[in-house]
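Here is what each chain is made of, one letter per residue.
2 protein chains.
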Amino acid sequence: MSLLVVGSVAFDALETPFGKTDKIVGGAATYISLASSYFTKHVNLVSVVGGDFQQADIQMLQRHGVDTTGLQIKQDQKSFFWSGRYHNDMNSRDTLVTELNVLADFDPIVPDAYQGCQYLMLGNLAPSVQRTVLQRLTQRPKLVVMDTMNFWMEIALADLKETLAMVDVLSVNDEEARQLSSEYALVKAARKIQAMGPKTVIIKKGEHGALLFGPEGQIYFCPALPLEEVFDPTGAGDTFAGGFIGYLASTDDTSFENMKRAILYGSAMASFCVERFGTERLVNLPEAELQSRIARFTELTRVELPLAV
Amino acid sequence: MSLLVVGSVAFDALETPFGKTDKIVGGAATYISLASSYFTKHVNLVSVVGGDFQQADIQMLQRHGVDTTGLQIKQDQKSFFWSGRYHNDMNSRDTLVTELNVLADFDPIVPDAYQGCQYLMLGNLAPSVQRTVLQRLTQRPKLVVMDTMNFWMEIALADLKETLAMVDVLSVNDEEARQLSSEYALVKAARKIQAMGPKTVIIKKGEHGALLFGPEGQIYFCPALPLEEVFDPTGAGDTFAGGFIGYLASTDDTSFENMKRAILYGSAMASFCVERFGTERLVNLPEAELQSRIARFTELTRVELPLAV
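Line by line, the protein sequences are chains A and B. Quick note: the first sequence uses the working numbering, first residue 1, plus one each step. Quick note: the second sequence uses the working numbering, first residue 1, plus one each step.
With the rest of the complex left out, here is chain A (with noise of 0.2 Å):
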């Protein structure tokens, strides 16, 4: 099925204890479309860029069978741009620049071609941004999976809570969801996000997988993979998210066992994508790399049990 991106098209400047990167391609649209792009292969794009963006990026999108019409491009203005330092731990980074540009008076117009698009994923925007696309389908999509972070819980917690009334799914990480919740406990945080709309939600827990909890209180745990390596954790749960949405659009199947399915792939999707600065990985993964990558997560969990003890 047909399956919308809403997100950041932009330039990363990234600083890792591996090294440091010029001006590369990054945001959230960036990640989740290459990383459905695995799963589905009708991928469409609505974000902004400025005259800055190189057409080589774009067709790189589309060579993924991206269709970016509904990517505006500002010629008299620059791309989304930001630049951060990972520290040592690489769970901590410092945030040096972010320049809005395009960003700041983004009007996501969604093309006609675009109607009847049966899965929305809304990437990380302004949650007004993200509302305007919901109210801008002529028909509702199927499923609508939402992400966001603390920042728009700090300065536009009502217009948050306003979008998050509108959504199937929300994918923050832990500190997001205590954030969000005033609840330190996951499974409660989680209850209470449940609470405010969303009727499934998604715990990332970086290096520590991720929690999927359910509408009727099921509960399932996906591991991260222990790497020897984190090069590069930018774009890793837009990543995520886009190999969940893509793999739920691919199968068409919203039940929560499809989305256990769905959240293996998208946490064996990020697994590729700190493995390199920003999208590099992504860019040409081979199928037989990420049918062994699921093998391995799948291997990491199992285990047979006798009947009673």
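Any given hint might turn out to be false.
No distinction is drawn between identical chains; accordingly, a pair holds when it is met within one copy or between any pair of copies.
[Claimed, not checked] In silico SDA-like links for lysine to any residue, alpha-carbon gap of 25 Å or less:
#1 199 x 229
#2 205 x 219
#3 23 x 159
#4 205 x 179
#5 192 x 208
#6 205 x 89
#7 74 x 108
#8 205 x 226
#9 74 x 304
Everything labelled a hint here was simulated from the structure, so no lab data went into it.
Start from chain A and add chain B according to the hints.
The following block gives chain B in isolation, referenced to the frame of chain A:
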């Protein structure tokens, strides 16, 4: 098969956000013995307490089938005492009081009747004391599991390494693994620790589960149960170790596949431990609750995948 447990039997005074206790029974060997008693009925204890220790508490251990012949009682001395206060997140704590008392010059005497034990659990103690126990066994056990903590890495590293070289399995938490190996990534940390002696390494990550690293590069990950409330984390690591070695001793199978099951049973026991203060939950745990908890653990990561995407 018979299991020998060596470690502290002590008093703890605990303070958590949920309340505080007077002096209650604690100590690594107490938790290990209690947890293992749910799997094997041949638990032999080597430890030491003072004259202040209650006969009722020794009887509690005996009711669980624990042989206390090796529990020395120093009538004119006091039992080891630890007091601590947990922070709101339950992941960090301050030690308020540590009184070594009888532990200061603990000479671990192994009763003749304990000789020939096949499974040995060396709970956290001075590494030289742990080593002494091994040296006093006329026959090397089939499996020796050792726990330790960062304290010994700081003040007795050479001693610790000497003992490490003699054991089969080391159980530590993530921070201890990192300190011991000087590696941040746990995969690398485990490999370095394996090179120090123990062919199998368990890295406990608290609420984030536990990793088991096998002698041939195998990795198994067992999640922790997402709990609504962690009432008191004291003893969780020892309870985990007790369930682990208790299950191995009962099945008498030290293969990696069986160790995976043992990790799961250990995790299940630990999930009970943290639900109440101290040993409260472990003292009387119905078999049906244990089985239902284990089912929840397996359900948590269960996912059926198609053969290919």
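Results for each hint:
In the homo-oligomer, the alpha carbons of residue 199 and residue 229 lie at most 25 Å apart only across protomers (22 Å), although the nearest pairing inside one protomer, at 35 Å, exceeds that limit. Proximity of residue 205 and residue 219 under a CA criterion of 25 Å is satisfied in both settings, with 15 Å inside one chain copy and 20 Å between copies. Neither within a single protomer nor between protomers do residue 23 and residue 159 lie at most 25 Å apart by alpha-carbon distance, with minima of 32 Å and 51 Å respectively. With identical chains, the CA atoms of residue 205 and residue 179 are at most 25 Å apart both within one copy (14 Å) and between copies (23 Å).
Within a single copy, residue 192 and residue 208 get their C-alpha atoms as close as 22 Å, and across copies as close as 21 Å, so both meet the 25 Å cut-off. In the homo-oligomer, the alpha carbons of residue 205 and residue 89 lie at most 25 Å apart both inside one protomer (15 Å) and across protomers (16 Å), since each shortest distance falls under that limit. For the homomeric pair residue 74 and residue 108, the shortest alpha-carbon distance inside one copy (13 Å) is at most 25 Å, but the shortest distance between copies (77 Å) is not. Taking the shortest Cα distances, residue 205 and residue 226 sit within 25 Å of each other both inside one copy (13 Å) and across copies (12 Å).
Taking the shortest alpha-carbon separations for residue 74 and residue 304, neither the intra-copy value of 57 Å nor the inter-copy value of 46 Å comes in at or below 25 Å.
This entry does not satisfy hints 3, 9, going by the numbered hints stated previously.
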